[in-house]
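Engineer: The chain contents come next:
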Amino acid sequence: AQSVTQLGSHVSVSEGALVLLRCNYSSSVPPYLFWYVQYPNQGLQLLLKYTTGATLVKGINGFEAEFKKSETSFHLTKPSAHMSDAAEYFCAVRVNNDMRFGAGTRLTVKP
Amino acid sequence: EPEVTQTPSHQVTQMGQEVILRCVPISNHLYFYWYRQILGQKVEFLVSFYNNEISEKSEIFDDQFSVERPDGSNFTLKIRSTKLEDSAMYFCASSPGQNYGYTFGSGTRLTVV
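Top to bottom, those sequences are chains A and B. Our numbering puts the first sequence at residues 1 to 111. Our numbering puts the second sequence at residues 1 to 113.
No wet-lab data here; the hints were simulated from the structure. There may be inaccurate statements among the hints.
Said to hold, decoys possible - Calculated from the model, a selection of chain B residues having no Cβ within reach of chain A, i.e. all distances over 10 Å: (1) 14; (2) 24; (3) 43; (4) 96.
Stated by the list, open to error - Only part of the chain B face toward chain A is listed, based on derived beta-carbon distances under 10 Å: (5) 29; (6) 41; (7) 48; (8) 50; (9) 61; (10) 93; (11) 104.
Unchecked claim - A few chain B positions that, by computed beta-carbon distances, are all more than 10 Å from chain A: (12) 11; (13) 13; (14) 15; (15) 17; (16) 22; (17) 53; (18) 55; (19) 63; (20) 66; (21) 68; (22) 76; (23) 86; (24) 112; (25) 113.
The C-beta atom is built at its ideal place from N, Cα and C for all residues, glycine as well.
Given only the sequences and the hints, what does the whole structure look like? Please build it.
Structural biologist: Put into structure tokens, the structure is as follows:
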């Protein structure tokens, strides 16, 4: 079965700094890849997804991610962090009708 | 924007009691899911449901759990005899098809005492 590894359970950046959240996946077939964000006491909100086509995908709130098959990675980036980006971020991989999540990365943004 | 609705937002139950968590998926979606998240831990897959039957379930989804789509709009998760370790946030999700992401509800926090 497919799986996801998120490197770093906690990432801290200063406001205005680059955000980089790492995700590596394992799948025996071409996967669909997703990033979700969870704000405190809320559900999961889709940030962006990769299914086919362009490997650099743009999402909401200025986030983007690049699918790199050779590295089995789907890292999430944002050029300039904002205080409102503080949340838990989950990478997920979907094969057919089965989506599995990584353990999550908590992003803290310092003023 | 269409939403997945879950009720109640918080439920407290005594150990051994049955609970039913309710979800109203987005109306034109065909695939339905339940996930759970124990406090501070990862989001775990429980079950997927398509064409009025379970299509996949995890090892967590044992005989204590069941799902139903009783009336074409609601999608329920029943836990027959709750245990303390069932305390978690339970998320319902739906999807229109396999090329799409899931839309999640805001969750039901289940506390078993």
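Engineer: Please check whether residue 61(B) passes as an interface residue: C-beta within 10 Å of a C-beta belonging to chain A.
Structural biologist: violated (13 Å)
Engineer: Regarding the assertion that residue 68(B) does not contact chain A, is the least Cβ-Cβ distance greater than 10 Å?
Structural biologist: Given a closest Cβ separation of 19 Å, the condition holds.
Engineer: Measuring Cβ to Cβ, find out whether residue 96(B) lies farther than 10 Å from everything in chain A.
Structural biologist: holds (12 Å)
Engineer: Identify whether the interface hint at residue 41(B) stands, where standing means a beta carbon of chain A within less than 10 Å of its own.
Structural biologist: Holds, because the Cβ-Cβ distance from residue 41(B) to chain A comes to roughly 8 Å (cut-off 10 Å).
Engineer: Can we confirm that no CB of chain A comes within 10 Å of the CB of residue 15(B)?
Structural biologist: The claim holds: residue 15(B) sits with its nearest Cβ about 24 Å from chain A, beyond 10 Å.
Engineer: Looking at residue 53(B) again, its CB stays over 10 Å from all of chain A?
Structural biologist: With a cut-off of 10 Å, residue 53(B) remains clear of chain A, as the shortest Cβ separation is near 12 Å.
Engineer: Is residue 13(B) truly not at the interface, in the sense that its beta carbon sits beyond 10 Å from all beta carbons of chain A?
Structural biologist: Non-interface label on residue 13(B) holds, nearest chain A Cβ at 20 Å vs cutoff 10 Å.
Engineer: Is it the case that residue 24(B) keeps its Cβ farther than 10 Å from each residue Cβ in chain A?
Structural biologist: Since the minimum Cβ distance to chain A is about 14 Å, residue 24(B) lies beyond 10 Å and the statement holds.
Engineer: So, residue 29(B) near chain A? Judge it on the closest CB pair being under 10 Å.
Structural biologist: violated (13 Å)
Engineer: Tell me if residue 104(B) is really an interface residue toward chain A, meaning its C-beta lies closer than 10 Å to one of theirs.
Structural biologist: Interface hint status for residue 104(B): holds (4 Å vs cutoff 10 Å).
Engineer: Can the hint on residue 50(B) be confirmed by a CB-to-CB distance to chain A that is less than 10 Å?
Structural biologist: Holds - the Cβ of residue 50(B) comes within 10 Å of chain A, reaching about 7 Å at its closest.
Engineer: At 10 Å, judged by beta carbons, does residue 63(B) keep clear of chain A as stated?
Structural biologist: Check passes; 21 Å lies beyond 10 Å.
When the structure is compared with the earlier hints, violations turn up for hints 3, 5, 9 and 18 and for no others.
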